[in-house]
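Novice: Got chain A sorted already, so can you dock chain B onto it with the hints?
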Amino acid sequence: MMQMRSLTLRLVGLFAALLALAGPVYASATSGTIKGQVVDEGGLSIPGVLITLTSPALIGGAQQRTADEEGRFIFAELPPGSYDLKGQKQGFGSVTKTGVEVSLGRTSQVSLELKVGQEELTVKAAKPTIDTEKASKGDTFSKEFLSRIPSGRSYQDVVSNTSGVVGGGNPSSGGASGNENTFLLDGINITDPVTGTFSLNFNFDAIEEIEVITGGYDPEYGQSLGAVISVVTKSGGNQLEVIANGFYLNGNWGPKMDARYTADGYELAPTGFDESSETVQVGVVVSGPIVKDKIWFLGSYEYNRTLYANVGVQLPRDYDSHYFFSKLTAQPSSAHRFTVQFGTDPTTVDNTDQADTRITPEAQSRQAQGGYLGSVKWNWFINPETNLESFVSFQKSTINASGVPCTHDGTLGYHPCEPDEEQGNLDYETPGHVGLNGAYDTDNAGFYYFDDRYRVEGSTKYSLLQVDFLGKHDIKAGIEGSYLMWDQIQGYNGNLIFYDWYENPFDPNTLQNYLWIETSGPSVYSSSGYHVGAFIQDVYKPIQNLTFRYGVRYDRAVNRNDAGEPVVDVGLFGPRVYAVWDPWANEKTKIYGGYGRFNDTGRLEVGSYLSQSNLGSKQVFGEVIGATDSSAGNNGGDYSTDNTVTVLDNTSAPYSDEFSIGAQREVFTDIAVGVEFTGKFTRNIYNFDETNLIVDEDGYAYIGSGDGSLDQYFRLRTPTLALRDFYQTDVSITRNWADRWLLQGTYSYVVSKGRTQSSLSTVFANPSQLELWYGNLPYDFRHQVKLQAAWDLPIDPWTTTLGMSGQVFSGAPLSRYYYSGADSATAGGDSYSLLKQPRGTYGRAGAYWELSVLVEQDIPVRKGKLSATAQVFNITNNQDPSYLADNYSYYINTENRYIIAYRQDAITAQLGAKYEF
Amino acid sequence: MVSTLVILTLGCAFEENLPEADISGTVIVPAAAATRLLPSGETVEDPRFIGPIYLGAFSGIDDVSFGYPHPAMGPIVTGDEPGNTFPYGGTSVGRFDYACYQELACKVVTGRFKDYADVLAYFKGLENPVVDDNGIEVTNASTFQQACYEYFYATSDEEMAFIGADQFKVNADGDYEASFTMAHTVMVEGMSVWGWMDAPLIDLANTSGNGAFSTCDTGAGREPTTYDESYFEGRVYSDALNTPSQYIYGGDWVASATEDTIVTLKEDAAGDMVPTNPTVRLDIGFGLEDAE
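Protein sequence lines correspond, in order, to chains A and B. The numbering of the first sequence is my numbering, which starts it at 5 and goes up by one. The numbering of the second sequence is my numbering, which starts it at 24 and goes up by one.
Excised from the complex, chain A in its bound form (with noise of 0.2 Å):
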């Protein structure tokens, strides 16, 4: 108690410390800018013009510059949102452009056309298809696309439309692992610090628009050797908006292929085949002033409960998930702007194992998990060319997971086990039993896992817009700062676990189907680590159709492991230069390019692999798990709490060089086409190795070792043989959301080779000696396709919408792997991870497609919009395998077969309907 309690005020001091600390702050990730000029007939520059820029989505009222002695103006920091922009000056009369776009880290140019004594004129702006100024590569996504294409209802399942990105949740980015994207909501980190994934959920309707940056990014974004994936939810505005909404998600209706066994028996893994599922997702989005102009707030929450289960189990993974997100936005003045945050997702998880049909309900296990953000943010423009954005930010995650019936836990709705409740439940004190009414326990029901997760975070940016210097610069600089933690407590309801194979019934006579782990007490696992960020960047545009975007980041991260060893220690440059030129100055083309490099700073979860407290147990095995006998002498290994890691003094860090050259056409009013070429080359990967063992010529088996045992030592390596090289040529068209309909499509070459496509690998690990093999990773899906296109149906009222999302990807790459007995230093091991020919080479899965629809129809109502949607993902259930992971787990093997590690989700529908006003 008293060191929860000592840690809580620790954190608390240092989000203090941090709000303290705070300045101004930039946020391009938050938000876009509108730039213009306003000219004569001949095309001559006025200077002088009062413009006056107004929107709903525009806190603080009407903001107003006056065009300097070119003509020019510029509005920055603007929420994305639809503007209109106002010129008026003495002698010329006014003229008004409405539904001026804005979009995330978007630069809108916009020209005012004031003629003498002109009457005031209204005209509609154009929809940028081009921005002249953006040299990153990537999709902003607009609540029109947001509502109009087929999509999982969450900010993860959209990212997938973006060109070159592979897979939902937490997808593969310019050939980089699911563990190095980078996730933003409102430009506050909300990846998860241990392992680099997606860690916050909340209400889909809540979203005002999401950026997903794969290449080519500012020198204000760092940390990421993938994508930046960009949130920004709604701020609300001065009318009250309410919207409700209510889907259901059935995965079961679909027609089944018996996809367990081939033609000729053979058993395939599990597929998404086999499993059920039934979602059912209700929510509402409440937001409004609270003082016209002055405050805003959102409100929202969604409920969501899905059943999942796997072929043949007893019962369905329950998730029962909570989504609470809110925001207030204040303004008091011109000057200051004001935001504050909190969001929280709790969920529970019931029987969560979903592996073994044997598993009685008496046996499973669950879990709790979910956490909370909570930020303040502050806009200071000091004047419409400098402003700064400072926040601070605390985030907790944890995972739960125990066996019923209790969790010892109480935090997230579950109580802690009651000495009664375990009593006569769950025996793992005496030999022979197996539990509750003879339910077969596992690992799961025995074990419990208590996992916590911070990030205390702070920013603070700085902008000078339009500065004069042999041209016109606008500069960001900024400092950034996190501190994280990781508390984990692992280990055994009971000092004994029984699991019992087969159904057979344990024979204490003949020490037969069983296996119990003696353990020796939980496993208190605490690492902490830091990172400190900075970066200075320009847009310099020496004249007015050329754009240069250069900068540099540093990166000072200290990762440490529970012995408070700093296991990643670095400090690291990232230069970044781009050039974009628009040759004819009439924004409708493009030619851009340059390099940039991208460091990894690493995750807590590092340092772990290099924890010097393991979970210390002594394995017993029966002989159906492998063993010759069940004597004392063949059985038994014993896992200790020896310091078994080494932390090397010369470590580096992951990076990642990227070259791109594109150039991007408006063909038609609103179209434009596209050819881009990036080449993403990765060194210094983390890797693990292993020390002690010595292996024979080709690793086949263990003929010594170091100190004489079999023991592993681990150590962090950053080898700059741990390598991926990528390169990406795409085709696009895009088609902005305009006259009731829009289109997205790229096909792109990718080819994705290297020696290992995890972020955090161990194919150095065992053994160490063997050659690493450079080859195609399990992303090097060389053909693909992304199409994207919806169209509104002109019968309004009563407007029906339909939107279609489809993918095509050729086959992944196969590797195979031979049997190395080295792998398993106890007798019985059965493990391939030998592997002969260059990864990836041995062949290629067939090619995959998935087409997604979606209608939604308009119900006129008397007041607000009701509107029925239905949506069907991979219509014709296609169930092709997707993934083929680069692991041994999967290989080619039995009958020359390979397993397949996923295969395309089966038909799904929802059927859903929203309701606002």
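Since the hints were made in silico from the structure, they are not lab data. As the structure is a computational prediction, the values presented were derived from the model and not from experiment. Watch out, some of these pointers could steer you wrong.
Stated by the list, open to error - Computed beta-carbon distance windows for the label pairs: (1) B/Lys137 to A/Asp711: 49 to 57 Å; (2) A/Leu714 to B/Ile285: 24 to 32 Å; (3) A/Thr880 to B/Lys137: 49 to 57 Å; (4) B/Lys137 to A/Pro570: 50 to 58 Å; (5) B/Ala54 to A/Gly575: 54 to 62 Å; (6) B/Lys137 to A/Gly316: 35 to 43 Å.
Cβ coordinates follow ideal geometry from the N, Cα and C atoms, glycine included.
Specialist: Using the frame of chain A, we list chain B on its own:
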């Protein structure tokens, strides 16, 4: 642009400064080690008689404790067990490989056979012919090949490691030479590379065990489930380098301690300090008169 190129150049390789090196060298097996008296009464020189060779890097050589040069040991804790040699690294030349029939467990060494028929002929010559799961002699190489394919899920001979090119070349002295690499060996200047060859058993009177090796544990390794659940394919003992004297018997060949086996650092053409390349001669036949 210049700064970018400089950064790229500097970033091309990261020097880990590992305390280890890959030691490459040559092992020489005298022709006598490949010459054996067969049950037929014929004396034959054949590289197939070269068994697996175990090589390690050790702190020094002990010429006193055994009847042959032996790696320096740690303390002897119990009277009947040698002390541990604590090798800095090691490897093998040749290894036990998959036996496609139970009868072959731990008797086939990689790289010594040209094809399946060669394996059958070898054991036939030792008067211990290869038999299948039912104890029936295998005489057809295709049958043998098919059994191996089914056992290892192989589709081509390239996937069968034990059908390899000969590892040894005959040198000018008529001895057998092979190269080796001990990867990731802890680099200690002055350390000695030492090794020994486990010769196959050839008993002229009782031929049932002919072709077997003392370093092989037939109770270890993979236990096939589709072939015979009681059959382990066999694997080398994991302390072959730590306590080699436990496995060295009459007929085995041991490396002599010479200057050529000592590893030091030398400067290469690029000015880097790299390990020297040791030459290990297995020129001491241990208890040959007892074995034959």
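Novice: Evaluate each hint against the coordinates.
Specialist: Do the hints match the structure? See the list:
1. B/Lys137 to A/Asp711: 49 to 57 Å: For B/Lys137 and A/Asp711 the Cβ distance comes to about 40 Å; the hint is violated.
2. A/Leu714 to B/Ile285: 24 to 32 Å: 29 Å, holds
3. A/Thr880 to B/Lys137: 49 to 57 Å: The hint (49 to 57 Å, Cβ to Cβ) holds, given that A/Thr880 and B/Lys137 are roughly 53 Å apart.
4. B/Lys137 to A/Pro570: 50 to 58 Å: Since B/Lys137 and A/Pro570 have Cβ atoms about 55 Å apart, the given range 50 to 58 Å holds.
5. B/Ala54 to A/Gly575: 54 to 62 Å: 60 Å, holds
6. B/Lys137 to A/Gly316: 35 to 43 Å: 50 Å, violated
Violation of the numbered hints given earlier is confined to hints 1, 6; the remaining hints are satisfied by the structure.
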